[in-house]
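Student: Respectively, the protein sequence lines represent chains C and L.
Residue 24 in the numbering used here sits at position 24 of the first sequence, and the numbers go up by one each step.
Residue 1312 in the numbering used here sits at position 312 of the second sequence, and the numbers go up by one each step.
Just so you know, these hints were derived from the structure itself, not from any lab.
Remember, it's a predicted structure, so these values are computed and weren't measured experimentally.
Incorrect hints may appear among the rest.
Simulated pairs of lysine to any residue, SDA-like, Cα-Cα distance not exceeding 25 Å [what the hints assert, rightly or not]:
(1) L:K1170 <-> L:S1112
(2) L:K1557 <-> C:L97
(3) L:K1631 <-> C:K113
(4) C:K120 <-> L:I1500
(5) L:K1254 <-> L:E1218
(6) C:K113 <-> L:I1451
(7) C:K63 <-> L:K1631
(8) C:K113 <-> L:E1643
(9) C:K120 <-> L:I1486
(10) L:K1658 <-> L:E1643
Derived Cβ-Cβ restraints for the label pairs, each shown as a range [claimed, not checked]:
(11) C:E34 <-> L:H1605: 36 to 44 Å
(12) L:K1477 <-> C:S3: 29 to 37 Å
(13) L:H1605 <-> C:N75: 55 to 63 Å
(14) C:N75 <-> L:K1477: 33 to 41 Å
(15) C:S3 <-> L:Q1550: 49 to 57 Å
(16) L:K1475 <-> C:I102: 40 to 48 Å
(17) C:G103 <-> L:K1477: 45 to 53 Å
(18) C:L109 <-> L:E1527: 35 to 43 Å
(19) L:Q1585 <-> C:S71: 38 to 46 Å
(20) L:S1482 <-> C:K80: 30 to 38 Å
(21) C:K80 <-> L:K1475: 27 to 35 Å
Glycine residues also receive a C-beta, built at the ideal position from the N, C-alpha and C atoms.
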Amino acid sequence: MKSLNILLIEDDMIEVMKLNRTISKLELPHTIVEANNGEEALQFLQKKDELPDIILLDLNMPKLNGIEFLSILKNDDVLKYIPTIILTTSNNQQDLLECYKIGIAGYVLKPLKYEDYVTKVERLLAYWSINELKQL
Amino acid sequence: MSQEKIDILERALAREKAARKQAEKILENKAAELYQAKQELEQSYLELESLLNKTDSQLQGVFENIVDPYVIMDLFGNVLKMNDAAVDLLGCDSIKSYFNLMDLVHPEDLQSVAESFQKLLVKGSITDFNLKIITQKKEEKLLHLNGSIIYDNGQPVAAQGIVRDITKAKEAEIQLIESENRLATLILNLDSGVLLEDENRKLVLTNKKFCELFNIEETPKALKGQDCTTVVETHKILFKNPELFIAQIASILKHKQEVLGDELEMRNGKILERDYVPIYEGNVYKGHLWTYKDVTLRRKYRKGLEAQKQKYSSVIANMNLGLMELDTKDKILMVNKSFLKISGYTKDELIGKSAQSVFPVEGDLESIREDNTERIKGKSHSYEVRCKTKMGTIKHCLISGALNYNLNGEVIGSIGIYLDITALKTLQLQKEKLLQELEKSNNELQEYAHIVSHDLKSPLRSIDALVNWIKEDNKDKLDEVSVTNIELIEDTLEKMEQLISDVLMYSSVGAKAMEEETVDLNATVEELKKILYIPAHISITILNPLPKVQGDKTKLKQLFQNFISNAVKFNDKAEGHINIDVIEQPEYYQFSVKDNGIGIDKKYHDKVFKVFHALNKRKDSTGIGLSIVKKIINLHKGTVWIESELGTGTTFYFTLKK
């Protein structure tokens, strides 16, 4: 299985823990880079020396929120090629439409049950690890 | 011979000689006298002769130049002599024609002519005798004749006559009489009462109408010659103010000047109009003419017209609508009070000015012009404009314009009725603004609901993860009670999650604008039957095909989903039946969803639609479902109610507008 560099943009500490624990539990080869909000993520991405393969993005965040971050990302000639998957609790149709309009690679709802979460993440990462991505 | 003798002889001779001389002298004188006399005689004869000649020619001239026809005839009627005028009259060829006058007499008149001739012979003359003749040119003529007999030595020898042609005069006279008769009839039957009095106030002429107006029973003819003072006096009581009536007549007669259009009110309600015209011949007052006209109808009509005019003027003046009349060149002709109030101008500031320059219309002139062209085409309709008042403020007016025509149907201008809708417009604008704000705040609320739900749901996820981790990390270390408790925590989390979702959904219904489209409810229910979890012992039947309605597809789906899942959830029977039906009404469809489930106690029938009123504590029931249902139905302008019996089942009824 291809090892992915994953940028997780998430302000909730436990959510970060959830992803990390899921990956370690499933013994997946992927690397997680954490950013607590959009600004932090942009700072990291601006360096452009270690760009992630995919981005998992939460929408409701303080400071720069998910959609604002997405807009900036998609306006960047280099960064716009990074597949960005939304990982959120909100099934607000308006948000969903807006995200697809700007350009996302997926929209995954965080389920209530942890087991369901593990299942969803497993499938999501499995999917992306078999995808051909742009060489950055 | 004596001397003496001689002397005597001598003296005798001398005397003789002297005597002879004297005689000679006398003779001489006589002869001279005679001569003188003869001379004078001759002279006088000459004079006489010339005089005779003169008279003769004069007579001849007179005879020939008499203007009236003149004829001399013998006693048998043969013409002896006549002048040119007579030739013309009798239609002869020339003055020399001789014929018998009796041949010309009209057969009708032969008798009277014969009698008159006898009379002429006896009396010697005849005057003013009229007779009809037929001239030699076969014209019938009426003649007037004065004649006399010519005598010679006391014996009648001829007759002479002067004749006049009175045919035309007679015709004129007849015409005059006829026209007099006509005039008399006219006066008699005139629609005005006429009373002609002479200078002594004796009645000369009156007519039927006068008698009618004054209630006089005698005929107009019978009244002739009566004293008008009495007539008037006896009839004064017919008038509302009899004394004034008499006094006025007296005053008018005193001044003897024309008085026209006096109005008199009568007791019986009639109104008479009276004219007085004095009649003068030269400068001599000969009487006067009264005419009385019944103007009651006219006056009443005029009064009615005036009252009506007054009414409409007052309506126009006081109505709450502004009114402006323009001529064809946009010049203001008339405005009413309300218009002044709307425009802020005084009347003087507006009359005669150009409407567009004084009270200009703001904004889209193009569309207004278009309207105006429509108006010129003769269409009358209303349109909305914004006008600038004197104070510079903007007024919204609804104008109803119409062309103004004269009696010949030509356009002479237009009339615009202005309704000041500024207040209404302000309200409307305010409403629009409020609606916008409402939409905005609804959107914000929706946004807020999503954030809240997200913020509430996120911790639930964290707790679930953490609990799971505890479970995982302490596998085999936890006792049975702790495991059960942890499972209870997980159930509670699920319930909490459901609650948050429902609240979010409830607040979402109606927050977003409804999207109207045609929704096939049959398809909707069929789709739901596939999506929803329906246990094997429960059957859903659509009794009558459901209609297509106008509404929000998602919300209508939610509606049926709630009804069906409720019916499924609360069914305790071995075989569950859910029947969906519809009845078409003129204005709406009435739907029913009937189940044979646990039923709802009557006392809860009202409460079930209230939010958070779950009747049954269940993991999958939050008490919000029916509230959402009610909200959706209300949005579609329908109503919802329940029929239910505890233990046997429930029927939900609801209506949706067509």
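Student: Look at each hint and say if it fits the structure.
Tutor: Each hint, compared with the structure:
no.: 1; hint: L:K1170 <-> L:S1112; verdict: holds, 19 Å
no.: 2; hint: L:K1557 <-> C:L97; verdict: holds, 21 Å
no.: 3; hint: L:K1631 <-> C:K113; verdict: violated, 31 Å
no.: 4; hint: C:K120 <-> L:I1500; verdict: holds, 22 Å
no.: 5; hint: L:K1254 <-> L:E1218; verdict: violated, 29 Å
no.: 6; hint: C:K113 <-> L:I1451; verdict: holds, 20 Å
no.: 7; hint: C:K63 <-> L:K1631; verdict: violated, 36 Å
no.: 8; hint: C:K113 <-> L:E1643; verdict: violated, 39 Å
no.: 9; hint: C:K120 <-> L:I1486; verdict: holds, 23 Å
no.: 10; hint: L:K1658 <-> L:E1643; verdict: holds, 23 Å
no.: 11; hint: C:E34 <-> L:H1605: 36 to 44 Å; verdict: violated, 55 Å
no.: 12; hint: L:K1477 <-> C:S3: 29 to 37 Å; verdict: holds, 34 Å
no.: 13; hint: L:H1605 <-> C:N75: 55 to 63 Å; verdict: holds, 58 Å
no.: 14; hint: C:N75 <-> L:K1477: 33 to 41 Å; verdict: violated, 52 Å
no.: 15; hint: C:S3 <-> L:Q1550: 49 to 57 Å; verdict: holds, 56 Å
no.: 16; hint: L:K1475 <-> C:I102: 40 to 48 Å; verdict: holds, 43 Å
no.: 17; hint: C:G103 <-> L:K1477: 45 to 53 Å; verdict: holds, 48 Å
no.: 18; hint: C:L109 <-> L:E1527: 35 to 43 Å; verdict: violated, 22 Å
no.: 19; hint: L:Q1585 <-> C:S71: 38 to 46 Å; verdict: violated, 52 Å
no.: 20; hint: L:S1482 <-> C:K80: 30 to 38 Å; verdict: violated, 50 Å
no.: 21; hint: C:K80 <-> L:K1475: 27 to 35 Å; verdict: violated, 45 Å
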